[in-house]
Amino acid sequence: MAPKIVSFILNGREIDVMIKPLMTLQKLVRDQLDYTATKTGCKQGGCGSCTVLVNGQPMMSCLLPVEDVAGQKVTTLEGLTPANGLHPIQEAFFEKFAIQCGYCSPGMILMTKALLDRNPNPSRQEIIEALTGNLCRCTGYEPIIEAIEAAAKKLNGKEGVSP
Amino acid sequence: MIISDLKVVGQSVQRRDGLGHVTGKTIYIDDIKFPDMLHLKMVRSPAPHARIKSIDFSDAEKVPGFVRALTHQDVPKNIYTILCLIGVGPDEEPVLAADKVLYKGEQIAAIVAETEDAALEAASRVELDLEELPAVYDVEEALQPGAPILKEWGANYFVYEGHHCRRVRFGDVDQGFAEADFIIEGRYQTSPIEHAPTETTGCVAKPEPDGRLTVYTNTQALFFTLDNTALILNIPFNKLHFVGGTVGGGFGGKVDVIVEPIATLAAMKTGRPVKYTFSREEEMRVSSTRGAWRMYYKDGVMKDGRIVARQVTSYADAGAYNRHTPYAVTKHAANVGGPYSIPNVHIDAHCVYTNRQPGSAMRGFGVTPASFAVEVQMDKIAETIGMDPWELRFVNAYHNGDVKPHRKIVEDATLIETMQAAARLTGHSLPEKYLAMTSDPR
Amino acid sequence: MSVKEYLLPQSLAEAVKLLAQHGDSLLVMAGGTITMPLINDGISRPDMVMGLRHAGLDYIRHSNSSLSIGAMTTLAEMSGDEAIPLLQQATRNTGGWAIRNMGTVGGNLFAPPPAGDVAVALLALDAQVKLAGQSGDRLLPLADFYTGFMSNALQPDELLAEIQVSVPQGKTVYLKAGRKHANTPAIVTVAAHLLMDGEQVKEARLALNAVGPHPLRATRAEEILVKAGRLDETTITASAAAAAEECEPFTDAIATEWYRRKMVGIYVKRVLAQIAGKEA
Numbered sequence: 130m131a132p133k134i135v136s137f138i139l140n141g142r143e144i145d146v147m148i149k150p151l152m153t154l155q156k157l158v159r160d161q162l163d164y165t166a167t168k169t170g171c172k173q174g175g176c177g178s179c180t181v182l183v184n185g186q187p188m189m190s191c192l193l194p195v196e197d198v199a200g201q202k203v204t205t206l207e208g209l210t211p212a213n214g215l216h217p218i219q220e221a222f223f224e225k226f227a228i229q230c231g232y233c234s235p236g237m238i239l240m241t242k243a244l245l246d247r248n249p250n251p252s253r254q255e256i257i258e259a260l261t262g263n264l265c266r267c268t269g270y271e272p273i274i275e276a277i278e279a280a281a282k283k284l285n286g287k288e289g290v291s292p
Numbered sequence: 038m039i040i041s042d043l044k045v046v047g048q049s050v051q052r053r054d055g056l057g058h059v060t061g062k063t064i065y066i067d068d069i070k071f072p073d074m075l076h077l078k079m080v081r082s083p084a085p086h087a088r089i090k091s092i093d094f095s096d097a098e099k100v101p102g103f104v105r106a107l108t109h110q111d112v113p114k115n116i117y118t119i120l121c122l123i124g125v126g127p128d129e130e131p132v133l134a135a136d137k138v139l140y141k142g143e144q145i146a147a148i149v150a151e152t153e154d155a156a157l158e159a160a161s162r163v164e165l166d167l168e169e170l171p172a173v174y175d176v177e178e179a180l181q182p183g184a185p186i187l188k189e190w191g192a193n194y195f196v197y198e199g200h201h202c203r204r205v206r207f208g209d210v211d212q213g214f215a216e217a218d219f220i221i222e223g224r225y226q227t228s229p230i231e232h233a234p235t236e237t238t239g240c241v242a243k244p245e246p247d248g249r250l251t252v253y254t255n256t257q258a259l260f261f262t263l264d265n266t267a268l269i270l271n272i273p274f275n276k277l278h279f280v281g282g283t284v285g286g287g288f289g290g291k292v293d294v295i296v297e298p299i300a301t302l303a304a305m306k307t308g309r310p311v312k313y314t315f316s317r318e319e320e321m322r323v324s325s326t327r328g329a330w331r332m333y334y335k336d337g338v339m340k341d342g343r344i345v346a347r348q349v350t351s352y353a354d355a356g357a358y359n360r361h362t363p364y365a366v367t368k369h370a371a372n373v374g375g376p377y378s379i380p381n382v383h384i385d386a387h388c389v390y391t392n393r394q395p396g397s398a399m400r401g402f403g404v405t406p407a408s409f410a411v412e413v414q415m416d417k418i419a420e421t422i423g424m425d426p427w428e429l430r431f432v433n434a435y436h437n438g439d440v441k442p443h444r445k446i447v448e449d450a451t452l453i454e455t456m457q458a459a460a461r462l463t464g465h466s467l468p469e470k471y472l473a474m475t476s477d478p479r
Numbered sequence: 369m370s371v372k373e374y375l376l377p378q379s380l381a382e383a384v385k386l387l388a389q390h391g392d393s394l395l396v397m398a399g400g401t402i403t404m405p406l407i408n409d410g411i412s413r414p415d416m417v418m419g420l421r422h423a424g425l426d427y428i429r430h431s432n433s434s435l436s437i438g439a440m441t442t443l444a445e446m447s448g449d450e451a452i453p454l455l456q457q458a459t460r461n462t463g464g465w466a467i468r469n470m471g472t473v474g475g476n477l478f479a480p481p482p483a484g485d486v487a488v489a490l491l492a493l494d495a496q497v498k499l500a501g502q503s504g505d506r507l508l509p510l511a512d513f514y515t516g517f518m519s520n521a522l523q524p525d526e527l528l529a530e531i532q533v534s535v536p537q538g539k540t541v542y543l544k545a546g547r548k549h550a551n552t553p554a555i556v557t558v559a560a561h562l563l564m565d566g567e568q569v570k571e572a573r574l575a576l577n578a579v580g581p582h583p584l585r586a587t588r589a590e591e592i593l594v595k596a597g598r599l600d601e602t603t604i605t606a607s608a609a610a611a612a613e614e615c616e617p618f619t620d621a622i623a624t625e626w627y628r629r630k631m632v633g634i635y636v637k638r639v640l641a642q643i644a645g646k647e648a
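Protein chains in written order, with this note's numbering: chain A, 130 to 292; chain B, 38 to 479; chain C, 369 to 648.
The following block holds chain A by itself, in its conformation from the complex (with noise of 0.2 Å):
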């Protein structure tokens, strides 16, 4: 089982990776780049949980491999936050309590970035569709809503298409 080199860019930087074939992008970035916030849930792309943005297309890296993002630019949590304060997405989330036990926020952040970006004034029926794969257990999803409709506020439509 020979490893190979697959060269990407994550968070805006590339990188080269050694990886043994079909390697899941969420075991890379967690076991072997130590970037934990993407977080994992089931290995089943049912909760949500590994959310990433791939070309600014949330998938589920539970089920990526990387070789399938040679090329590619994917963006972690970690690359959302800056490196002083926070990113209005994660200030709404955190002002709106939409966080309790924290484990589906990575992935519910970067869902509401994709969101975002595509349509900068979502309705409350936009957003629910958009977040019908990411299940969180603890905020029974309303607080969620509310930030989401705060960040889009605190965007203003700033937001511009990610890359």
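Just so you know, the hints here were simulated from the structure itself, not pulled from any lab data.
For clarity, every value in this text was computed on a predicted model and none was experimentally measured.
Fair warning: there could be bad hints in the mix.
To be verified - Here are some of the chain A residues that sit facing chain C, going by a computed Cβ distance under 8 Å:
#1 146
#2 150
#3 173
#4 174
#5 187
#6 191
#7 192
#8 193
#9 194
#10 197
#11 200
#12 255
#13 259
#14 262
#15 266
Unchecked claim - Here are the computed lysine to aspartate or glutamate pairs in the EDC-like style, where the Cα-Cα straight-line distance is at most 16 Å:
#16 B:137 - B:178
#17 C:372 - B:154
#18 B:470 - B:341
#19 C:595 - C:620
#20 A:225 - A:160
#21 B:306 - B:318
#22 B:188 - B:154
#23 C:548 - A:258
#24 B:62 - A:220
#25 C:539 - C:494
#26 B:114 - B:128
#27 B:99 - B:166
#28 C:539 - C:567
#29 B:335 - B:211
#30 B:276 - B:247
#31 C:498 - C:512
#32 B:335 - B:222
#33 C:372 - A:196
#34 A:149 - C:415
#35 A:283 - A:246
#36 B:62 - A:163
#37 C:498 - C:525
#38 B:62 - A:207
#39 A:149 - C:373
#40 B:70 - A:160
Each residue gets a CB set at the ideal place from its N, CA and C atoms; glycine is no exception.
Keeping the supplied structure of chain A fixed, place chains B and C upon it in accordance with the hints.
This is chains B and C only, laid out in the frame that chain A set:
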């Protein structure tokens, strides 16, 4: 002191861990790793009820990365001690099964290996020689003569001070039934409910140079878990340093002390950090649930809505082991009559063992199934006697100073005031006499 | 437990060649949404996996009256295409956003019930599948592609390369009953395509999923519609009853057999009533 003087109470206070959560910097158990860390995976029973004849590790040992296996013989005190710490006995669940297994998924042997993959591969290659025994899955069938017996005291029920169930006797229900205008019966059944936290159960146990062990865990009950682990490993409590408090969803599902003792033992035996986390499948199929409950109600009711007699026979499905269910049944017995003043009450609340996934704690366990049953039964009564369901409850609501069936005096009753508020909020109009009612002593 | 090789052929021809070369030891993977969970859980342990992401099968070609859909077209791409509303609805109702970005139209045809809702729409539209093998391509009606539970008409050397579907001339309706409003396995899914001549049903296609070993057409229910002449309440009731009787539902974690059968009756009725109420 008025609200505006208070800095925290009555104010919206931001969570201390909120910033960690939104930046993804909060560390959860599966995020923790050490350079020489080992992984523990459990060999589990494929059968719901069986005698263990032998275990063969020879194929498992050949898997590259295999380090060692642990069986019941390695566990210093091979018994979970959850209930003894709150004064309820006996303790009957082994940490690792010795001669018998009582549910599908019960832990039999722990495999420790260099990688998670190696541990899973080795665990899958362990050969179990089991003699399958007849299994029982239904609470009432488990109490029938001839049912397979799960416990060494010869019965499938928990013994409450010499009795086969938790008993409440108040007044004389037979007299109540005799004078009642209506007899209304109901059978209520809840299903087992899985907590399904987004983060699965897990811990990392790490030996320290000074001879202590640090255990990082997502248990909801840090010191409770430390105490149990020390008792099972037969070591002084001060040898253990438990680090936790960050729980990716618990809801009662992370109080069974199910991973820490064996992971800590593995760390002691190997001298290396050991991580033991549940897969999603283990979390769903093996970890404890809020157990299922079956409740039979027989009520004697007068034309004017007064319930004069209530008889409840209930069966809690504890599954294969006690865990917290005997305690839940006691709580249940105190609540299953409902927040109502009834002069004659007879309750038999059984804690029954079946060859199913053990039930344990989950938000209001014991009482939540009772709430469901008692309120549906109240609606059934209202419909049967032709009375408004709100009115039925006002008529029967208990007041401060009333005596509950288990002899406790009612204090701080607020059912009446809560219903009045609910009526206001939902725009439901109540007759004047119920708007004027209070929970004051009669 | 680890896979020895992950092959990523750069063309369909290369993919077919690799399949012929490696046969049984090769697991073919499209978007990974079905295969990867099985590999992650250790249920599937292939020696080699072949991914079709770069095999040039990601396209939607529109002609006057039909679509040729490459098997690797993602569900997200398909749900953005408005040419066939029935198909757009079916793909929109499959999975959540992230899964639709990864899952493919072709791959979804292999999802066992109660998943696999794209095929319901395709069956109602008389879709055909193009199978590519060593000796060339062949076209097969989708209805003939399914041969049993998790079994199909693919020869060992064949890959499903393309789906061909005509733009429907009649009225179409798609309804799905699940435990949630979205991102849910089906209790039952119904897709209907009725070609009307005034009040009369000239041709009827009624496809169901999650009530049999694979997506299927309720042919007796269809016959009733065509024989009856009018799409009135009597006909609709009779057709729905026939559909409920002829399907073969199963019990699983989502729903019991009796409940599924009941829902077939209700949802077929709703679908037909919607068509009856639709403007020409």
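Against the structure, the hints:
no.	hint	in the structure
1	146	violated (14 Å)
2	150	holds (4 Å)
3	173	holds (4 Å)
4	174	holds (6 Å)
5	187	holds (4 Å)
6	191	holds (7 Å)
7	192	holds (4 Å)
8	193	holds (7 Å)
9	194	holds (6 Å)
10	197	holds (6 Å)
11	200	violated (11 Å)
12	255	violated (11 Å)
13	259	holds (6 Å)
14	262	holds (3 Å)
15	266	violated (15 Å)
16	B:137 - B:178	violated (21 Å)
17	C:372 - B:154	holds (14 Å)
18	B:470 - B:341	holds (15 Å)
19	C:595 - C:620	violated (35 Å)
20	A:225 - A:160	violated (32 Å)
21	B:306 - B:318	violated (28 Å)
22	B:188 - B:154	violated (36 Å)
23	C:548 - A:258	holds (12 Å)
24	B:62 - A:220	holds (15 Å)
25	C:539 - C:494	holds (14 Å)
26	B:114 - B:128	holds (12 Å)
27	B:99 - B:166	violated (19 Å)
28	C:539 - C:567	holds (12 Å)
29	B:335 - B:211	holds (11 Å)
30	B:276 - B:247	holds (9 Å)
31	C:498 - C:512	holds (12 Å)
32	B:335 - B:222	holds (4 Å)
33	C:372 - A:196	holds (14 Å)
34	A:149 - C:415	holds (13 Å)
35	A:283 - A:246	holds (13 Å)
36	B:62 - A:163	holds (11 Å)
37	C:498 - C:525	holds (13 Å)
38	B:62 - A:207	holds (8 Å)
39	A:149 - C:373	holds (8 Å)
40	B:70 - A:160	holds (8 Å)
When the structure is compared with the earlier hints, violations turn up for hints 1, 11, 12, 15, 16, 19, 20, 21, 22, 27 and for no others.
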